[in-house]
Amino acid sequence: MILKEQGLVVSVVDHNAMELAPRISEADVADYVALLKPRVMSLVVFTALVGLLIAPVHVHPVLAFTSILCIAVGAGASGALNMWYESDIDALMSRTANRPIPRGRVTPPEALTFGMTLAFFSVMTLGILVNWVAGALLAFTIFFYVVIYTMALKRWTAQNIVIGGAAGALPPVVAWAAATGSLSVEPLLLFLIIFFWTPPHFWALALFRCEDYARAGVPMLPVTAGPDATRLQILLYTIVLVAVAFAPWPLGYFDAVYGVASLALGGGMLMLAANVYCRREGREASRATRRLFAFSIVYLFALFATLLIEVVVRAAVPSIW
Amino acid sequence: MDDKQEQKGIVLTEAQKKSRRERSIAIALALAVLVVLFFAVTIVKGPAVLMRPM
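Chain order of the listed sequences is A and B.
Heads up, our numbering is the position in the first sequence plus 21, with the first residue counted as 1.
Heads up, our numbering is the position in the second sequence plus 101, with the first residue counted as 1.
The following block holds chain A by itself, in its conformation from the complex (with noise of 0.2 Å):
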């Protein structure tokens, strides 16, 4: 009674009101599709389509269809448990707090059971459509892109995208398993070329976001062991990059053409590499890590991109082969 008159209980009995109210989500369909990282699933298709079309066999329209969809769908799904299990840290980061979750769109238990949804049907609809090869690779991938990259080394160590670059790397392998069955040189070549190209992109993107890393406390290179040490790793990476995305031509898994325009991409990949090693203050400098940045997105997608000329002019004209 007396707690009463001084407004006490009034106000314990309005705050359990407001924890018991049930939110309801204004989150449209767009603040889903942003959970699923559409830029990063974009290049998951790409480098999938190609290890799909380039493997020695047929696969049949719809079933090629099937494959790249999950693929893709298991991709948008990692994408979704990655920003559940990072939702406080995006917050503090310019580049992530506009996303679903820092915004209050979407909370992070939708998130959570969004993402869970579509690992499942993505890796059960591969194995039971497709092969049971391809639906594992699938389930691996998003095990390592969620629990091993982003739950265990994102926050505890500087080679975070070195290692968790494999899970990028897998679409391609998923994508062959997916038309063969199995597993074979051809595709292992790409994740090689993937994994390698991994940290040069990732670390130029850290140079120029360092502030929002350190921010945030994640432990990427130019945070941890400075810009310099950076820009030398950016070197040596590219400089391992150019030879194993070159090495396929003279080891005789793909055609001259790839040959030649691994050459060229890659010369261009290691000027720009260079460039940044070698500018390291003021606009100059930021410039050149933008550029690096922008060109390996350019490598990649070219790169694959002639891997896939190749396959079409190879089923349009036989003879040129």
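What the hints contain is simulated information worked out from the structure, not anything from laboratory work.
Backbone N, C-alpha and C fix where the C-beta goes; we use that ideal spot for every residue, glycine too.
Watch out, some of these pointers could steer you wrong.
To be verified - Ranges between beta-carbon positions, derived for each pair:
no.	chain 1	residue 1	chain 2	residue 2	range
1	A	MET292	B	LYS118	34 to 42 Å
2	A	ILE45	B	VAL136	28 to 36 Å
3	A	ASN119	B	GLY110	30 to 38 Å
4	B	ILE126	A	MET145	18 to 26 Å
5	B	GLY110	A	LEU209	55 to 63 Å
Said to hold, decoys possible - With a straight-line cut-off of 27 Å between C-alpha atoms, the simulated DSSO-like cross-links for lysine-lysine are:
no.	chain 1	residue 1	chain 2	residue 2
6	A	LYS175	A	LYS58
7	B	LYS119	B	LYS109
8	B	LYS119	A	LYS58
9	B	LYS109	A	LYS58
Go by the hints and put chain B onto chain A.
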């Protein structure tokens, strides 16, 4: 007045209704795609749909 509101339950705003309708349509479309996909693959594979190599 309070009793009447309680009987009504939760009243959604127009924005909440619109987003819920959009989400429902998206889920329906996704389920339809899944059904068509399973049907199409069953037709393409024929009896081999039951043979799934490990």
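Hints and how they fare:
1. MET292/A x LYS118/B: 34 to 42 Å: 56 Å, violated
2. ILE45/A x VAL136/B: 28 to 36 Å: 30 Å, holds
3. ASN119/A x GLY110/B: 30 to 38 Å: 34 Å, holds
4. ILE126/B x MET145/A: 18 to 26 Å: 24 Å, holds
5. GLY110/B x LEU209/A: 55 to 63 Å: For LEU209/A against GLY110/B, whose Cβ atoms are near 58 Å apart, the range 55 to 63 Å holds.
6. LYS175/A x LYS58/A: 18 Å, holds
7. LYS119/B x LYS109/B: This hinted pair holds, its Cα atoms lying about 20 Å apart.
8. LYS119/B x LYS58/A: 24 Å, holds
9. LYS109/B x LYS58/A: With a Cα-Cα distance of about 39 Å, the restraint between LYS109/B and LYS58/A is violated, given a limit of 27 Å.
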